[in-house]
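2 protein chains.
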Amino acid sequence: MQQPQARKPAVADTLQSNFSLDPLFRPRSVAIVGASERSPWTRSVKRNMGVTQFQGRVHMVNRRGESVFGQAATASCAAIGELVDVALLLIPASSLTAALDDLAAANIRNAVILSSGFAETGPQGLRLQMEVEAKARAHGITILGPNCLGFANFAAHSAVWAGTLQARSVVGNVAVVSQSGAVANTTNHFAHQQGVGLSCVISTGNEINFGIAAAIDYLVDDAATKVICVFMESVRDPAAFTTAAANAFARGKPLVVLKVGRSEITAKAAKAHTGALVGDDRVFDAICRQFGIVRVRSIEELVVTADVMAKVGPLRGSGVGLVSISGGLCEIAADLADAESVDLPAFNDETVAALRELLPAFATAQNPLDLTAVSTEQPILMQRVIETIAKDRSISLLCHLFEVPESQEDTSHFSLAALEHIGKGVAAAPGPVIVLASTMRAVSVSGREIIEKNSLPYVSGGLELGMPAISRALRWLELQRRRSTSPRGAVSGAATRGGPLPRSEFEAQQYLVQFGVPVVPTAFVRTAAEAAEAATTMGARIVIKIASKDIAHKSDVGGVMLDLHPEDVRAAFDGMLATVKSRCPDATIDGALVSPMRRGGVELLVGVKQDPQWGPVLAVGLGGIFVELLKDTSLRLLPVSQADVGEMLAELRGARLLAGHRNVAAVDVGKLAEVIARIGQAAFALGPSLETLEVNPLLAMGTRIEALDALVVGR
Amino acid sequence: MQQPQARKPAVADTLQSNFSLDPLFRPRSVAIVGASERSPWTRSVKRNMGVTQFQGRVHMVNRRGESVFGQAATASCAAIGELVDVALLLIPASSLTAALDDLAAANIRNAVILSSGFAETGPQGLRLQMEVEAKARAHGITILGPNCLGFANFAAHSAVWAGTLQARSVVGNVAVVSQSGAVANTTNHFAHQQGVGLSCVISTGNEINFGIAAAIDYLVDDAATKVICVFMESVRDPAAFTTAAANAFARGKPLVVLKVGRSEITAKAAKAHTGALVGDDRVFDAICRQFGIVRVRSIEELVVTADVMAKVGPLRGSGVGLVSISGGLCEIAADLADAESVDLPAFNDETVAALRELLPAFATAQNPLDLTAVSTEQPILMQRVIETIAKDRSISLLCHLFEVPESQEDTSHFSLAALEHIGKGVAAAPGPVIVLASTMRAVSVSGREIIEKNSLPYVSGGLELGMPAISRALRWLELQRRRSTSPRGAVSGAATRGGPLPRSEFEAQQYLVQFGVPVVPTAFVRTAAEAAEAATTMGARIVIKIASKDIAHKSDVGGVMLDLHPEDVRAAFDGMLATVKSRCPDATIDGALVSPMRRGGVELLVGVKQDPQWGPVLAVGLGGIFVELLKDTSLRLLPVSQADVGEMLAELRGARLLAGHRNVAAVDVGKLAEVIARIGQAAFALGPSLETLEVNPLLAMGTRIEALDALVVGR
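Chains as they are written, first to last, in the working numbering: chain F, 1 to 715; chain E, 1 to 715.
Mixed in with the good hints there might be a few duds.
You can't tell identical chains apart in this list, so a pair holds if it fits in one copy or across any two.
To be verified - Straight-line C-alpha distance at most 25 Å; calculated SDA-like pairs for lysine to any residue:
1. 135 with 444
2. 268 with 352
3. 268 with 349
4. 46 with 457
5. 253 with 317
6. 268 with 124
7. 581 with 168
8. 135 with 660
9. 671 with 484
10. 609 with 537
11. 226 with 51
12. 549 with 291
13. 253 with 413
14. 671 with 358
15. 253 with 450
16. 631 with 600
17. 271 with 702
These are calculated hints, taken from the structure and not from any lab test.
If we strip away everything but chain F, and leave its shape as in the complex, we get:
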């Protein structure tokens, strides 16, 4: 790790509270420091201010006080003599600290720094960045950047943006925040192409004192933003991020995240790119599930998902109705719905009867609904059908497949009439409707006019991207409904228990019992006689295990004997001790544990491990081949509630095993989740000195849940 200092979590992700960020993102006046007609940055920032119709004051500042594009300049910010909300610093990295002094003198609290050449270039750049950070902290200046493109706030008509902006940008409700300037620019371009309106784009770059979490906090409060899109390489302040994510979810604003780092190769690439450590991707995936973050894998998915989520409000259920004028497109849509777990319920009888009235005899009144070619002669059918289906109680969202023409050439009388009728149908429909393009279509200026004229809830992303986006929206809305009606439940904020960690399997078992975790009856014995005595009361078959802090893998050294008759335990104890002593002559042997032998049921693995970035992470999996061959585990950050664990169990591919299987009884999943949550509680209470806690197996047989084993390892 070349740049250890830059990556540690910042104490504070931002210096200002959310509302005081308005001067940064909705400035009334901007100073361009280092402004010059020869600078492409000055030109492009000026141009973009025009594109966003920025009405505030722009002050030019440069050393010589040379006028810029005919506008007089001052030699310093202090010399401006007016209140300035944001300073854009277009000056060499080496002059930055002096420039910040000037800002402080002018009482400017916000700066945008585009320049690269900081932490991302190596140790020297990192030193420079730390100097700037210290100076900003001393002056209380919030810095966007460095190594960023600035921001464009379309909704507020302001921009300090060095990327490209399209002359007639679509203003809308989707905000984009990105650690990468190029990705921010590409996302903006793609959204523009698709006619997806943005509220703002913020490029955070190296995040000296303003990062992703602060941007999310700001946008959750931003009335112009309905959906927040994030691109990130690394989470620099994990606690601030999860807090911001939880807040966004609680406030009902979807957070759609494209975070790279799924593959090892990406982790290497990210380190080369900005020195960022991407972290354990499976943990981040789990955090997304836990905090209701919608995770996507590409810019296309990011934009189309956000578009759908901005257009689909709260729904009463998850049933989707599909309508198209083509049978073939209905079928493609139905297959994609199936693949993406989007439910297309049957229409109810009333709807079917009403559709039969409307449609010709050879049409079939079913979901998905093929309007047949008749609709090309009677476009009013589309309006009637929307009105009819939207009344159906089993349909929570109606998706009408239709295209907005791109050019004069593909604009027909039919398509214009159809879109008008669809618009009327949408307006009259009691429930939510979206109009989805069959394939991804660019939205032209003339297309936008048609959309606006007919107030169409148009999603141009096409079926391939639109159907997964609908699925993500439905899942997120379900989670909103579920968590609002049955909240997560108590999560054990149990204070750290303090004191030493359990030092042996026996102590670990006793520790779990204190948290209400059922543990298999276990006797700690030191002699064969004690073992034999303990065994007599335990049942028909007995297990004995060696007890030694020095032996991690007991069965590898003959330290586990299964399925013993109670009368054989005495001899087995002696035999086991002899074997283990001969194989591990240096190990201190404390004695053995005696337990009844359990058979049948479903075995689970429950483990807690400290993640270097996120802290203690709970893993739950089904034992045997599920964990070993299929890597079928579910993760969550601690603390967790029983409801969280219920979601974890439902995620497992082998979840069906818990529902009973051949001669195995169905497991009481509620009780199982409760026991696992208690194990999590017990691990969480051990605090940061815990490295791992593992129960393997946790046996589940109907309503009997029992830890057969326990292991605690300190850091």
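Once you have looked at the hints, place chain E on chain F.
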């Protein structure tokens, strides 16, 4: 099933051989029968002939001989008095048979019928369709349609097409064949938007005597076509389809298929749409693997996959190099590559050294390669980097992320210079390169000019769709290399053996032995004494199973006893018979089978089942939870070779179990595949009277492969 007749496999999918289809798809003259200025079809077909620059003769025919758009018409085709290649019939369904007589009189061998109102509308339409079919057969007329949009042959500058065509269609190497007219039209539009050139679009509709298979055969021979795209609901002639697919693969033309019917809801929708039965989707999936068909799920995937495959020729390997000017985009690309199993190997030392020379010190010479912002100042870097990486032996395909500007607005001096240098790099590169847009981008007319000017192998589909498309192309090319170096191997074309099916488990086992399938030693015994005698030589533990044709589930009625000591077999035999007789008083009991008890190893399930559409299908799966809970089986049409079975085993999610696991030895997979292929051979030889043959379990322990059970059921 409302329309049983229309769905049975046609005897012949087409009446003509491939080359004689040129008059249909490359006509020199077309007659429009029923032409009228008032008909929107006449207008749109005329317009589309203009768009494709059709240079042949167009004859107008209508009953009254009224001139059309100022062109004289005849009252019949026979009256034209010249050779006509294709007649477009724009006449009411009820007049069609008479019109076909007129065509025959004029010696016209090809007709396009757009009208709907046939089999897709119900029994009456079906009757009409069958009349037309009979008439066409009698006259030897090939019919495209009915219920279709015709065809547009861009490469041959001809069209009889009633859909919309863009004025400046891109001509290219991708052919599109579709059973749905709307899907054909939408696909053409999407390809146009993406700048993907098509050779032709063929809409087959109800496929009276010209179907998908015949279209594929024609296009395999079509020099203008490099990749064949297909949309279909149903396979009307399975044998013709697999033959055409095998031919396309052998000739090195990728066949990319979007077939609907994955979900039950789609199956219902398809039946409503055209009365088509979609068939068992898992079987179709298996056929795609078996015949090297690339299957996709949407129009976007269809077009982008075809685009990549048309631009990527044969490769020496599967290593991909990635280059971008943005670190963030590199990371998104690397994650997608990982998700889609696209290998991004490390550059070799020479490449790394050469890249270090070219790039600034803070850049990292790794794959994926972030050129850093330096490249915006020195676009020539892109050329040099392409030349350098393309020489690397571990890189078989280089993918350079870059966008072609869409509009004047996003055209910068930099982007034009960069694209010029990329073009030069591609031209100089010794290996294949594609230029991939970071996100899906529409290609404008000005964009096309830039692409052509710089001869860019540009894929506009973006990373989200482009990376899976690259993955599919790589897998298909791998399969081409593998099957050309080690062909499928002998597949048992064994003639049907004839004679009765094996009637009992014992006969089934003996039958398998004839095909070289190792079967566990088994004695058929009638008495307890025989059972005991057989058991003495068989080993330490014995299994006995009831032998009765009347009992299908032996263990349910106490008809299986496991793990017996040989000396206990006599008593067990008597006990088992008594139990079974009491539970199944009406069953005829022949005796019992005695075998040694096997333990350990990996259990597989091998089954053959007649598919109503495709014939005998072989299923292979791992026993236990893999089959029962995870439905983890692989399917193939019979006959299969050992190499086919090897591919099946590799597909299983639990395939790692075969590689050895804990105390289980690795299985000799070659031998296992051979035995399974022999089971397939045995089943195939039983001919159509077989309903199912099942070996469950087939035990695999190291090199010992042994059928422990066998069941044959006749139809």
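Hint by hint, where does the structure go against what was stated? Just the numbers, ascending. When the structure is compared with the hints, numbers 1, 4, 7, 8, 10, 12, 13, 14, 15 and 17 turn out to be violated.
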